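**Q** If you want the building blocks of each chain, they are given just below.
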Amino acid sequence: MLSAGCNFSPWNNPYPDSQSHGNIYYDSFEERPKHLDPVSSYSSNEYVFLGQIYEPPLQYHFLKRPYELVPLTATSVPEAEYYDNAGNPLDADAPAELVHHAVYRITIKPGILYQPHPAFARDKKGNYLFHDLPLRDLEKIHTLADFPETGTRELIAEDYVYQIKRLAHPGVHSPIAGLMSKYISGLEELTAALANEYKNNKHHFLDLRKHQLSGVRILDRYTFEITLKEKYPQIRYWLSMYFFSPMPWEADYFYSQPGMKEKNIVLDWYPVGTGPYMLTENNPNRRMVLERNPNFRGELYPAEGEPEDAANNLLQDAGQTMPFIDTVIFSLERETIPAWNKFLQGYYDTSGIASDSFDQAVQFNTLGQAELTEQMQDKGIRLSMAVMSSTSYMGFNMRDDVVGGDSERARLLRRAISIAVDYEEFISIFTNGRGVPAQGPIPPGLFGYIEGSDGINPYVYTWRNGRAERRSVTEAQQLMIDAGYPEGRDVRTGQSLILYLDTSAAGPDAKAVFDWLRKQFSKLGINLVIRATDYNRFQEKMLKGTEQIFMWGWNADYPDPENFLFLLYGPHAKVGMNGENAANYGNEEFDELFNHMRNMSNGPERQAILDKMIEIARRDAPWIWGLHPVAFSLHHSWFRNAKRNLMANNTLKYIRIDPETRNKLRAQWNQPVFWPLILILVILLISIIPAWFSYKRRERSPAL
Amino acid sequence: MINYVIRRIAYALPILIGINIITFVLFFVVNTPDDMARMQLGQKRITQEAIDKWKSERGYDKPVLWNSQASAGQKISDTIFFQNSIKLFLFDFGQSDSGRDIGYDIRQRMWPSLAITFPSLILGLISYITFALTLAFFRGSYIDVWGVVMCVIMMSISSMFYIIGGQFVIGKLFNLVPISGYDTGFDAIKFVALPVIVGLIGGIGSSTRWYRTIFLEEMNKDFVRTARAKGLSEKTVLYRHVLRNGLIPILTGVVVVLPLLFIGSLVTESFFAVPGLGSYTIDAISNQDFAIVRSMVYLGSVLYIIGLILTDISYTIADPRIRLE
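Each protein sequence line maps, in turn, to chains A and B. Take the first sequence: its position 473, counted from the start at 1, is 473 in my numbering, and no numbers get skipped. Take the second sequence: its position 116, counted from the start at 1, is 116 in my numbering, and no numbers get skipped.
Hints listed in this document are in silico derivations from the structure and should not be mistaken for laboratory results. Some hints here could point you the wrong way.
What the hints assert, rightly or not - Label-pair ranges, simulated between beta-carbon atoms:
(1) A:R619 / B:I157: 55 to 61 Å
(2) B:P14 / A:I689: 39 to 45 Å
(3) A:P134 / B:Y4: 43 to 49 Å
(4) B:P14 / A:R644: 56 to 62 Å
(5) A:P458 / B:G59: 54 to 60 Å
Please read these numbers as outputs of a predicted model, since none were measured by experiment. The beta-carbon is built from N, C-alpha and C at its ideal position, and this holds for glycine as well.
From just these sequences and the hints, can you work out the full model?
**A** Here it is in structure tokens:
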């Protein structure tokens with residue numbers, strides 16, 4: 001407390017006084033990142049850091065919706081060139097079956113430099129200073145910052161090619177290696193070749209430059225091309241993900257030196273990028289600090305967006321050079337309560353809303369719209385909301401004898417349950433209204449999603465009074481009768497219908513959900529039994545297909561309907577294929593349409609196919625479509641350019657902070673309160689007085 | 001005494017092997033190597049080939065305890081258990097399943113744990129002994145009765161309440177210290193203050209009651225009566241005779257936990273965002289990182305055994321009648 005008292009900033013300020021006027025953005029992170037190597041990272045909590053450091057060729061436009069790909073380091077968004085068996089060029093809309101291979105040519109902007117990094121440091125003769133270091137030279141090195149020299153170099157096409165080869169590296173375990181091997185020519189062969197070499201050379205640098213990848217070719221210093229084995233337009237989305245970030249061979253070589261791993265100085269922990277920020281403090285146990293990359297070329301803030309963006313002051317910085325913030329500090333906060341309180345004190349610039357603090361932050365007005373409470377408004381806090389590109393559903397195992405299969409009886413049963421499980425109520429009770437009931441697998445904002453009466457699931461909803469209204473329980477009960485389960489009793493056996501929900505959820509919150517679910521199923525006379533187990537056993541059940549009903553979700557990799565409909569594609573079944581089709585749904589017509597749709601460009605023809613596919617899925621009801629979560633986030637008045645972009649991860653460069661306002665408000669909100677300390681001291685003193693007299697009295701009293 | 005210590009260390013070896021086996025079996029009953037691979041590789045788009053590759057890379061593709069396919073001695077040695085355990089006994093913790101050096105992490109993270117636990121212990125001892133002596137002195141009076149009632153109430157309240165309440169009242173309502181976080185050097189003081197105060201208040205109930213009982217027991221002994229009969233003042237009786245003799249069980253109780261101070265507290269570190277070994281263990285359990293869990297359990301066991309040996313030694317120092325043979 002004494003040390004705090006010496007500072008001029010509030011006593012409870014968790015940051016040093018020297019930072020008070022800094023152009024710094026403060027945020028928190030809940031879980032330490034596991035991987036910061038872009039080839040193996042596949043988690044949103046890691047992308048928060050990687051997104052500011054690494055630069056894949058493409059990115060999402062910050063303001064425009066629907067989400068639109070724009071160049072990042074590339075000069076333009078690449079267009080596919082399609083070729084037939086004989087190598088003749090085909091039209092852009094050529095049917096997938098005619099396409100023998102597709103070529104994407106990517107040219108990157110010249111003059112882009114890497115962040116300062118010891119891997120690039122050279123002496124006057126041009127020799128690398130910190131390559132081939134003897135172990136004794138590493139004795140005094142504990143972090144990357146301990147290397148006395150740094151260097152840089154220009155980003156070239158070879159760096160992208162090097163990274164694509166790293167997908168096949170046996171030591172880095174890229175989660176998309178299997179998927180990309182299906183598409184990128186030669187990746188499978190390279191994987192096999194590298195595995196052989198790696199087996200005999202595990203602890204040394206595997207020089208990928210010596211290995212050829214037939215499907216990826218360097219055309220000149222700034223241009224490379226990727227050849228795909230088939231038509232796959234979604235590759236462009238992948239080119240905006242960090243798996244396709246550039247990787248300089250020097251960095252890979254530098255980190256592969258003996259002795260580095262023992263000090264945790266590895267590529268998985270110390271990223272090397274060309275982005276607006278670089279990681280200068282990597283302490284995932286306490287904080288991660290990103291600082292402005294002095295070599296960053298500068299990028300202009302977008303000048304156009306959605307119509308309402310200008311009114312929301314989101315275009316005030318149009319044409320300004322980014323990034324606007326000098327330093328970004330992420331502090332580890334494992335628990336939501338301290339993080340929330342620190343946000344209210346002004347020590348974090350933004351915050352999500354945990355269910356514990358929802359009522360304190362948000363209220364619903366008479367129209368049912370969410371708005372901030374008076375307390376939040378008084379502090380100048382602002383709320384932004386966005387429907388997430390994800391879906392949370394309840395699935396039926398289609399291999400199950402009772403709820404699964406293609407029989408009309410099972411289909412009617414699934415539809416009846418879909419009506420009975422009232423997701424509007426679920427959203428209201430368990431998510432504080434933060435969700436949109438799903439009408440199908442595709443979330444709002446993606447191509448293929450239809451708003452209004454044309455977009456409702458007619459098997460579960462009707463359109464009344466200008467909104468979707470869930471069909472009545474009576475209709476669901478009628479479906480149960482049609483299915484042969486009147487009042488939940490199987491007419492064949494006379495037995496009550498018992499269904500099983502397999503879940504890994506536990507705890508008081510989960511119990512409330514289970515009770516609610518039992519109530520929903522009981523509307524149809526079905527006895528729902530919860531089979532709760534640990535997450536590993538649950539996964540095992542899913543892999544073996546021994547579950548009956550389950551709760552699951554999917555978060556979009558990219559804003560394309562293919563990324564949701566593949567969750568229902570037969571050949572991607574969980575059982576046997578280890579795919580993402582958790583319900584093990586299979587419908588030949590759906591699969592055929594999927595194969596056709598996935599390679600098409602967005603347009604009326606694709607929409608028509610999507611409509612057919614969604615109709616099939618709705619009819620078969622392999623999922624209770626559940627909900628699309630709505631993300632609520634809060635930010636302080638000094639935080640500018642707040643627009644949720646759920647696809648982009650490199651959004652910190654757009655943010656602007658007003659440190660002076662923050663400083664002023666922090667001081668105002670965090671005046672130390674001393675009187676309770678004085679009061680406690682007085683109470684202690686007062687309580688000591690009778691004790692003292694009592695002691696004196698005892699001392700004077702004669703021994704018994 | 002040296003012979004005694006050597007003998008105790010020798011006894012500790014089978015205990016440590018046993019602990020290692022139990023940890024290993026319990027962990028692998030709940031988590032298969034496939035589960036661990038999935039946890040490390042992520043949940044999306046993971047193929048069985050990727051899982052197999054991960055397992056093979058870390059030696060988790062071997063049989064767990066017994067390799068029936070191997071020859072002779074390799075039946076035991078070519079197993080996950082043997083490969084993972086043998087280096088542990090030499091304190092070579094190796095790499096975590098996510099690829100970080102565990103020894104390095106432990107060395108880094110034990111200091112923040114110590115920054116909380118050590119002052120908590122020292123300040124706690126001073127305050128609990130003071131309170132307990134006061135209650136013992138006023139035994140039977142209204143101070144003692146209400147003191148004990150307060151102790152019972154305080155020990156009945158969950159530690160989570162103290163943590164959340166402390167953060168709310170001291171950090172948020174009075175704005176006196178940061179709610180959570182950690183820093184190094186002198187800057188650590190303002191972050192450590194709240195968890196130490198909360199720990200101190202949380203421990204008052206149980207510790208004061210225990211120490212009071214010890215002191216009361218001493219106060220009823222013959223030598224205290226003799227001291228009083230000699231006409232010594234109550235203060236002298238209390239400090240010179242009761243406190244000194246009462247300190248023997250207190251001291252031995254403290255010595256046993258001394259080595260464990262390095263391990264830290266799981267809940268406190270989690271709530272106050274202290275990057276210590278307690279939160280390291282919690283993270284490892286939730287991430288199914290067997291290498292870290294095994295290392296931390298082993299380290300905890302070794303430190304506990306050291307604590308017990310130190311306790312035995314401290315008995316001989318505190319009580320001259322005791323000899324270690």
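**Q** Against the structure, test the hints numbered earlier, and report the numbers of the ones violated in rising order.
**A** Violated: hint 2 alone.
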